[in-house]
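Visitor: Taken in sequence, the protein lines are chains A and B. Residue numbers for the first sequence follow my numbering, so the first one is 1 and each next one is one higher. Residue numbers for the second sequence follow my numbering, so the first one is 1 and each next one is one higher.
Bear in mind the hints are in silico, worked out from the structure with no lab data behind them. Just so you know, these numbers come straight off a predicted model, no measurement behind them. Keep in mind that the hints are not guaranteed to be accurate.
To be clear about the criterion: a stretch of chain B counts as covered by chain A if any three or more of its residues have a C-beta under 8 Å from a C-beta of chain A, and this derived list gives those stretches [to be verified]:
| id | stretch |
| --- | --- |
| 1 | 11-22 |
| 2 | 25-34 |
| 3 | 43-56 |
| 4 | 113-122 |
| 5 | 136-149 |
For each residue, glycine too, the CB sits at the ideal point set by N, CA and C.
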Amino acid sequence: MATYSPSRRRVIFALALTSVLLLTLDLRGNQVFDAARSGFGLIFRPVNRASEVATAPVVRLWRAYREFDDLEEENRLLRAQIDSQRSAEISAQNAIIENQDLLALEGLESLAAYGSVTGRLVGQSPSNFDQQVEIDRGALHGIRVGMAAINEAGLVGKVTSVSPQSSIIMLVTDPSYAVPVKVLAPQEPSDTVTATTVAVASETSANDPLQATTSEVETTSTTTTTTTMPVVVRETGVLRGQGNDRLPRVFFVASGTGFGRIEVGDTVFTAGGSTSLAPPNIPIGRVANIITRAGTAGQELEIEPTADLQRLQFVRVMLYQPLSEVAG
Amino acid sequence: MNQVPARVWVLRVALVGLVLLGLQTTITTELRPFGVVVQLMLAFAASAGAASGPGEGALAGFVLGIMYDLATGTPIGATALALAVGGYAAGWGRQYRIEPKWWILAGFTSFGAVVGETMVPLVRVLIGETGLFGDRLLIVLPVVGVSTALLSIVLIPVARWALVVRPSEIRVQSADA
Numbered sequence: 001m002a003t004y005s006p007s008r009r010r011v012i013f014a015l016a017l018t019s020v021l022l023l024t025l026d027l028r029g030n031q032v033f034d035a036a037r038s039g040f041g042l043i044f045r046p047v048n049r050a051s052e053v054a055t056a057p058v059v060r061l062w063r064a065y066r067e068f069d070d071l072e073e074e075n076r077l078l079r080a081q082i083d084s085q086r087s088a089e090i091s092a093q094n095a096i097i098e099n100q101d102l103l104a105l106e107g108l109e110s111l112a113a114y115g116s117v118t119g120r121l122v123g124q125s126p127s128n129f130d131q132q133v134e135i136d137r138g139a140l141h142g143i144r145v146g147m148a149a150i151n152e153a154g155l156v157g158k159v160t161s162v163s164p165q166s167s168i169i170m171l172v173t174d175p176s177y178a179v180p181v182k183v184l185a186p187q188e189p190s191d192t193v194t195a196t197t198v199a200v201a202s203e204t205s206a207n208d209p210l211q212a213t214t215s216e217v218e219t220t221s222t223t224t225t226t227t228t229m230p231v232v233v234r235e236t237g238v239l240r241g242q243g244n245d246r247l248p249r250v251f252f253v254a255s256g257t258g259f260g261r262i263e264v265g266d267t268v269f270t271a272g273g274s275t276s277l278a279p280p281n282i283p284i285g286r287v288a289n290i291i292t293r294a295g296t297a298g299q300e301l302e303i304e305p306t307a308d309l310q311r312l313q314f315v316r317v318m319l320y321q322p323l324s325e326v327a328g
Numbered sequence: 001m002n003q004v005p006a007r008v009w010v011l012r013v014a015l016v017g018l019v020l021l022g023l024q025t026t027i028t029t030e031l032r033p034f035g036v037v038v039q040l041m042l043a044f045a046a047s048a049g050a051a052s053g054p055g056e057g058a059l060a061g062f063v064l065g066i067m068y069d070l071a072t073g074t075p076i077g078a079t080a081l082a083l084a085v086g087g088y089a090a091g092w093g094r095q096y097r098i099e100p101k102w103w104i105l106a107g108f109t110s111f112g113a114v115v116g117e118t119m120v121p122l123v124r125v126l127i128g129e130t131g132l133f134g135d136r137l138l139i140v141l142p143v144v145g146v147s148t149a150l151l152s153i154v155l156i157p158v159a160r161w162a163l164v165v166r167p168s169e170i171r172v173q174s175a176d177a
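Full structure from sequences and hints, please.
Guide: Have a look at this one:
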């Protein structure tokens with residue numbers, strides 16, 4: 001019968017070596033490990049489900065205790081916000097339809113052109129260092145590693161691991177997350193006002209005794225207003241997650257003409273491109289802070305994501321793969 | 001060291017690990033004291049070390065870490081190494097005490113958990129990930145340490161059962177060490 005009686009130092013040394021070997025093999029890509037993950041996932045699924053059911057009352061109680069006041073306040077604010085946004089929504093929908101028509105007419109890419117799979121969140125990362133969530137849709141539903149995950153508000157993250165019935169999504173706040181982005185800074189249309197003043201001197205008539213010694217100047221003013229079309233400054237860079245308690249940042253590849261014109265509140269979208277795993281024009285968030293670094297390091301932008309990553313319920317995985325991936 | 005059939009303790013550790021992994025991926029992700037996820041798997045690895053010794057703690061941590069890596073999609077071996085070191089560190093102090101009191105064991109467990117949790121970002125940095133070391137560690141490590149110390153009151157008896165450690169064996173083993 002096999003027994004274990006490990007010599008302490010040798011044991012930890014052997015385990016460290018084994019771990020490094022496993023890490024190396026896994027990071028290089030190994031089908032055996034992928035199969036092991038899928039197999040373990042099948043074994044673990046019922047245990048996880050049972051744990052969910054068993055702990056649900058405790059979790060609900062905890063949530064009720066922690067979040068009731070916040071939810072009540074948030075609910076009140078959201079109702080007010082919904083009222084104020086109803087009219088804006090109708091206009092926005094009209095604009096979206098027009099935009100999609102135009103994109104289709106010009107043969108350009110649009111988010112509506114891609115299929116998607118909606119999954120429910122079934123778990124969060126149990127680590128203090130990873131920002132990941134798990135959804136109940138996987139390879140059987142067409143999801144592949146690298147696909148972008150969004151919700152109604154914007155970009156959520158990307159798929160990093162897929163098993164037949166579930167997928168793990170790395171959130172945009174994870175330090176390992178990176179995606180090419182563009183920052184759009186709409187400049188206010190400026191009104192140019194031109195004022196022309198024409199002075200007309202009217203001579204008095206010699207026959208009029210009352211005005212014989214006076215002369216009068218009549219002034220006519222003309223104002224011309226010229227409205228210029230809005231200018232959108234477009235800067236591209238790479239958005240990287242910074243961890244759970246810090247906002248993601250945009251690092252610029254090179255200084256462009258737009259520097260200094262990007263302001264807090266400007267919008268950030270995915271840039272797309274042949275090598276980007278995310279399709280273009282997915283909203284990510286707004287510029288929350290502009291960090292100017294010393295020397296030639298340039299600017300960095302802190303981005304407040306539009307998607308509330310703390311309260312995700314459902315996530316939509318875009319069934320989009322860039323041409324480079326499809327060809328590979 | 002006690003001579004225990006390998007299949008017995010591996011099976012028991014895996015069984016306990018599966019239950020703890022279920023709890024780790026459900027309840028601990030919701031109940032976050034100070035925003036920190038309590039590390040049940042690490043706590044059990046450290047408890048195994050504190051209950052039985054550094055070798056057993058390291059082996060139990062390795063098995064639990066492999067299960068964690070398989071379930072969560074982290075690179076296989078990363079958490080295994082961190083938990084193995086955590087289990088070893090917890091057992092390191094244990095070998096110099098004969099029948100330590102429960103609060104001393106809790107201290108060993110806490111120490112092992114802090115070492116193990118520090119190893120997690122360290123290992124990940126070694127494989128090329130960035131941004132894992134920061135101010136947040138100043139909150140994470142104390143919370144993980146304290147929570148593990150509290151959990152050890154429950155987990156050390158479970159670890160003794162899983163590793164088939166009897167009180168008499170603890171006495172003899174400690175005296176040998």
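Visitor: Does each hint fit the structure? Answer for all of them.
Guide: Hints, one by one, checked against the model:
1. 11-22: holds (count 4)
2. 25-34: holds (count 7)
3. 43-56: holds (count 4)
4. 113-122: With 3 residues close enough to chain A, the hint holds.
5. 136-149: holds (count 3)
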